[in-house]
Amino acid sequence: MDTKEIIKPENRVYGKSPVLTDVVMHYCPGCSHGVIHKLIAEVIEEMGIQEKTIGVSPVGCAVFAYNYLHIDWQQAAHGRAPAVATATKRLYPDKYVFTYQGDGDLAAIGTAETIHACNRGENIVIIFINNAIYGMTGGQMSPLTLEGQVTATTPLGRRADLNGYPLKITDLVAQLEGTCYVTRQSVQNAGAVRKAKKAIRKAFENSAGGKGTSFIEMVSSCNSGWKLTPVAANRWMEENLFPFYPIGDLKDK
Amino acid sequence: MAMKGAIVVDREKCKGCGVCVVNCPVQVIALTKEVNGKGYPMADMARPEACTGCANCATVCPDSVITVYRVKV
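Chains as they are written, first to last, in our numbering: chain A, 1 to 253; chain B, 1001 to 1073.
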């Protein structure tokens, strides 16, 4: 059968979600942000909640997320997304409110806001992109940088005696009574993407059910910051980040 | 029952990251030698006869530039 005979509207099985805008994303080729944006868009589309979703974007590469998803957005000061999301959800309890934050935003300057929002059990979804560096500003060490990992500010590798230990913030928030669902996912291959989408869907459903805070860590690649090709960055992530940040549910109640 | 598939790539939006190439289970996709307006090589069906329309390529595409079509034959 010729390719032209297959390419017909009635045979279409997968394509871009209408919740995504037509703007070309500014992310580097192969960036995990694009995949995660797409998953959020697909979950919003499937749940039919486009008019009822409010995102809170962080400071970091994903600050321009409002250009890419056709939903309402609120910008927060660096690290303060969970505090802004708390207010938004309390003022509009029938809306679905989520924050989208990187590791420098959520686990460094925003640690207090994150931990207290999770401890209060706010009915929000926190999507946490962990690429183990500050990607936007040129690949500096973040709290989640691995020991020995070379970054712009740790050219000889992170040293625990000088720079401290990597912060497993997801394990920390899993200890808190307010969180109902804490999971760690990734998007480097098709199977992982499908699991990550299920996790996002579950988190949004928890938010509607008033069960507490849902926290999804996405172990992601930053190929520009790591100075690798997109495919090699995904492999490096599997070999180095996954042993320290193992994929799977930490808490589901 | 066999499946036949095909993909359409939005060539101007593709950034040539190659994540789809390694995620294709039947090695259908390759990057082109020529580049688009942004200077990136593009994903392209190098072996269209092998495509099963599994949509793995589109699932992992960060820029949502791949549309997948599938028919039963």
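Incorrect hints may have been included.
[Stated by the list, open to error] Dumping the calculated DSBU-like pairs for lysine-lysine here, alpha-carbon to alpha-carbon at most 30 Å:
| id | chain 1 | residue 1 | chain 2 | residue 2 |
| --- | --- | --- | --- | --- |
| 1 | B | K1038 | A | K16 |
| 2 | B | K1013 | A | K198 |
| 3 | A | K195 | B | K1033 |
| 4 | A | K16 | A | K198 |
| 5 | B | K1013 | A | K227 |
| 6 | A | K4 | B | K1038 |
| 7 | A | K4 | B | K1072 |
| 8 | A | K16 | B | K1033 |
| 9 | B | K1013 | A | K8 |
| 10 | A | K251 | A | K198 |
| 11 | A | K227 | B | K1072 |
Just so you know, the hints here were simulated from the structure itself, not pulled from any lab data.
In this text, all values refer to a predicted model and were calculated from it rather than measured experimentally.
Unmet hints by their number, sorted upward, for this structure: Per hint list: 3, 11 violated.
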